[in-house]
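Enquirer: Sequence:
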Amino acid sequence: MIYLFIFVAKVIEISLGTLRMIVIANGKKWLGAILQLASALVWIFSTEAVLVGIHGNFLKIAIFAIGSFAGSYAGSYIEEKLAIGSNMLTCITEPGNTAMVSALRNAGYAVTILKGYGIESEKEIYLILTSRKKRHKAVLLVKEYDKNCMIVSESAVSVNGGYVSQSVKR
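If you read the sequence shown in the working numbering, its first letter stands for residue 82, the second for the next number, and so on.
Think of the hints as simulated: they come from the structure by calculation, not from any bench.
The beta carbon of each residue, even a glycine, is placed where N, CA and C say it ideally should be.
Heads up, a few of these hints could be off.
[Said to hold, decoys possible] Restraint ranges, calculated between C-beta atoms of paired labels, are given here: (1) 233 / 106: 12 to 22 Å; (2) 214 / 115: 18 to 28 Å; (3) 106 / 171: 13 to 23 Å; (4) 150 / 201: 43 to 53 Å; (5) 102 / 196: 32 to 42 Å; (6) 106 / 126: 46 to 56 Å; (7) 187 / 86: 25 to 35 Å; (8) 179 / 117: 43 to 53 Å; (9) 198 / 121: 49 to 59 Å; (10) 150 / 224: 29 to 39 Å; (11) 235 / 139: 40 to 50 Å; (12) 102 / 135: 27 to 37 Å; (13) 221 / 82: 46 to 56 Å; (14) 175 / 143: 52 to 62 Å.
[Unchecked claim] Here are the simulated lysine-lysine pairs, DSSO-like style, with alpha carbons at most 27 Å apart: (15) 196 / 162; (16) 109 / 162; (17) 162 / 204; (18) 110 / 228; (19) 110 / 162.
Whenever a hint applies, use it, and build me the whole structure from the sequences.
Expert: Below you can see the structure in the form of structure tokens.
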């Protein structure tokens, strides 16, 4: 029973730590602090359970390590499913793709158009702000209009002003 406790506690602790980093990176400091508090409490109890009678009990150490491994994976999986935060998609395409821009804006995405110059010709650069949860839909929409469009996705945190679409509101 103690081995199960150690394993589950480590999975919870490491998962909370992974989520904490993500929410802090997205500007949610209070939530990050609460997650750290919970993580620290779980760590104290799980570590205590491992240290009591540790001599000659390699299985406790192994379960502790395996729980850390599983917690790291679980935390990453949970974070991916929650998809907290925003992305800035940079799309480089041929000029004059007004149908794509209209479709993106009609779908609620914030789109800014810039002129660019490639090695062989002029380009248009579309900056599209979207929530991480809706990034895939935005990419599919862009590909509908230009299968060869170069698309780069970056994490984005709004600092000031601008159009905030329904797809980005938190």
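Enquirer: Determine for every hint whether it applies to the structure shown.
Expert: Okay, the hints, checked on the actual structure:
no., hint, verdict
1, 233 / 106: 12 to 22 Å, "holds, 19 Å"
2, 214 / 115: 18 to 28 Å, "holds, 22 Å"
3, 106 / 171: 13 to 23 Å, "holds, 20 Å"
4, 150 / 201: 43 to 53 Å, "holds, 49 Å"
5, 102 / 196: 32 to 42 Å, "holds, 37 Å"
6, 106 / 126: 46 to 56 Å, "violated, 27 Å"
7, 187 / 86: 25 to 35 Å, "violated, 53 Å"
8, 179 / 117: 43 to 53 Å, "holds, 48 Å"
9, 198 / 121: 49 to 59 Å, "holds, 52 Å"
10, 150 / 224: 29 to 39 Å, "holds, 36 Å"
11, 235 / 139: 40 to 50 Å, "holds, 45 Å"
12, 102 / 135: 27 to 37 Å, "holds, 29 Å"
13, 221 / 82: 46 to 56 Å, "holds, 48 Å"
14, 175 / 143: 52 to 62 Å, "holds, 57 Å"
15, 196 / 162, "violated, 35 Å"
16, 109 / 162, "holds, 18 Å"
17, 162 / 204, "violated, 34 Å"
18, 110 / 228, "violated, 39 Å"
19, 110 / 162, "holds, 20 Å"
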